[in-house]
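Number of protein chains: 2
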Amino acid sequence: MEFVQSPGKDSVLETYLKCVPCLFSQASRACRQLGLDDDTGWQIIQQFSREFADLDMTLPPPVQGSRLYDLISRVTGRVDPYADIKVQSTVTAHELLKECRHRLVNSSDPVGAALRASAAGNIIDFGADLALGDLAGAFHEALDSDLAGGGEAAFRQSLSQLRRNGVLLMIGDNAGETVFDAFLLERIADERPDLELVYACREKPAINDAVISDCLAAGIADVAGLISSGSCIPGTWLPFCTPRFQELFRTADLVISKGQGNFETLCGEDRKIFFLLKVKCPVVSEEIGLPLRVSAFVERSGRGMAC
Amino acid sequence: MEFVQSPGKDSVLETYLKCVPCLFSQASRACRQLGLDDDTGWQIIQQFSREFADLDMTLPPPVQGSRLYDLISRVTGRVDPYADIKVQSTVTAHELLKECRHRLVNSSDPVGAALRASAAGNIIDFGADLALGDLAGAFHEALDSDLAGGGEAAFRQSLSQLRRNGVLLMIGDNAGETVFDAFLLERIADERPDLELVYACREKPAINDAVISDCLAAGIADVAGLISSGSCIPGTWLPFCTPRFQELFRTADLVISKGQGNFETLCGEDRKIFFLLKVKCPVVSEEIGLPLRVSAFVERSGRGMAC
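Residue numbers (this note's numbering), protein chains in the order written: chain A, 64 to 370; chain B, 64 to 370.
Treat the hints with caution; some may be incorrect.
Intra- or inter-copy, both count: the list cannot distinguish identical chains.
[As the list claims (entries may be wrong)] Dumping the calculated BS3-like pairs for lysine-lysine here, alpha-carbon to alpha-carbon at most 30 Å:
# : residue 1 : residue 2
1 : Lys161    : Lys81
2 : Lys161    : Lys335
3 : Lys343    : Lys267
4 : Lys335    : Lys267
5 : Lys343    : Lys161
6 : Lys335    : Lys81
7 : Lys81     : Lys267
Keep in mind the hints are simulated off the structure, nothing from the lab.
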């Protein structure tokens with residue numbers, strides 16, 4: 064089996080000086096979200112500070128973030144600190160989909176509507192400063208917004224041209240969002256029932272990112288094969304992924320990547336990828352060339368080049 | 064000489080978990096403001112992370128901040144990294160005052176107008192996320208806003224009731240802002256020419272806070288006695304101040320404290336203080352009970368009590 068080459072410093076988003084406040088914001092926010100007492104919070108913050116001083120800043124931000132979330136697990140003794148939040152997110156997402164399912168399925172363009180729903184679902188991100196309480200309003204608003212970045216037409220063309228029995232790989236992000244990803248995969252399967260759909264998720268908990276059990280709760284197994292990428296960080300950093308996933312990533316006929324963490328770790332890869340995400344941070348906004356808060360759908364092949 | 068007792072943990076603003084992102088934002092912003100290259104920036108950030116892990120979080124945020132700015136001086140070899148920025152700020156403030164001096168002096172209430180100008184000047188704060196380029200617009204806007212917090216009437220009463228030859232101590236904050244503080248002291252002297260006015264500043268550079276030379280450039284020596292508080296942090300933490308300043312602080316008949324850093328370090332002190340500042344951070348907003356971004360003028364005596 065041939066391995067995907069490790070991305071070098073110039074081919075990915077590294078951690079910039081301006082990423083530092085965000086990483087420490089995540090630390091402070093995580094303590095609040097998880098209801099930790101101040102003493103535990105300070106223990107985590109101070110240990111993270113100590114470890115932060117020795118991290119390799121040529122690696123992308125999700126790699127640094129994973130150190131924080133590992134630390135939270137070690138200090139709190141919770142293997143999956145966001146387990147309850149992930150269940151709540153999945154329940155809320157199922158409710159939201161139930162509300163708008165009829166409208167989406169019966170739209171003139173169900174795949175387009177499902178792409179917007181899937182991007183809107185990327186609002187569910189406990190690494191960014193978003194509360195689940197805001198979700199319904201933000202979701203409905205995002206559902207009515209066009210996807211920025213011009214990737215939709217290219218995606219529709221790629222989908223229609225896919226070879227019979229071709230493999231479409233979708234790389235998931237947050238638990239809950241997975242419910243809308245399942246819905247998108249269903250609509251794609253309606254249009255191209257011959258394709259092999261595969262959905263990849265994290266190997267171990269990383270913030271509220273989906274692992275296999277979260278994907279099952281979202282109903283993805285009904286429509287796509289499930290695979291762990293091997294990633295234990297809130298992104299998909301290929302050198303940390305299993306050889307099986309690397310091979311799948313390299314050979315899949317079409318790849319959809321969800322969310323910022325996957326964008327940060329995959330945007331320099333030398334293959335065509337469709338990135339579907341909410342733009343949530345200034346660094347990604349600059350890299351992707353789109354304003355903050357938009358639902359984006361962009362095609363990239365290698366650093367900055369759409370093919 | 065009797066020393067002011069050191070404030071204990073419960074009598075001042077300590078460093079909260081939610082202050083952490085702000086301190087690291089300051090670190091990242093300072094590197095940008097000072098035009099440092101990435102390697103120097105990372106050296107500062109990583110060393111600050113290492114030191115941050117061992118700081119005493121029962122002390123107020125400006126004490127932690129001072130570690131960052133000390134570090135910037137050590138790494139860059141610049142004794143006063145913000146020297147140029149302070150000169151620019153002072154020049155800009157003189158220009159702004161020249162523009163609006165006539166209007167302020169001839170208002171129906173020159174002391175009130177000067178209080179608003181002095182509060183508006185607190186916009187000049189390179190520790191917070193404010194650029195000098197925005198200053199003129201923000202200044203004129205703030206000049207037209209009433210002071211929140213209800214301190215103005217009490218201050219006017221205290222001023223009118225001050226004993227003959229009484230001592231009014233003003234504790235300064237940022238360089239540039241000092242120009243408007245000088246203007247306020249002039250208006251106070253017009254009303255009460257019998258008072259002894261004293262203006263205190265930092266002993267050594269701390270961000271862009273004013274030291275003696277910055278006060279001279281602002282023209283304060285024409286209207287008030289100048290004294291260093293002994294503080295080398297972006298605030299006035301009494302245990303770090305000179306005995307002479309502590310005595311002055313304890314015995315002054317009226318004290319005006321400018322800015323957030325002074326509020327954070329003095330708000331629990333057991334004497335009446337008038338705090339004049341722009342509210343710039345959520346922690347201070349909560350403590351002072353006023354919204355973000357307002358110009359505030361509040362009277363406090365001991366923790367949370369106006370007398």
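Worksheet item: Which hints, by number, does the structure contradict?
Response: Hint check: 1, 2 fail, others pass.
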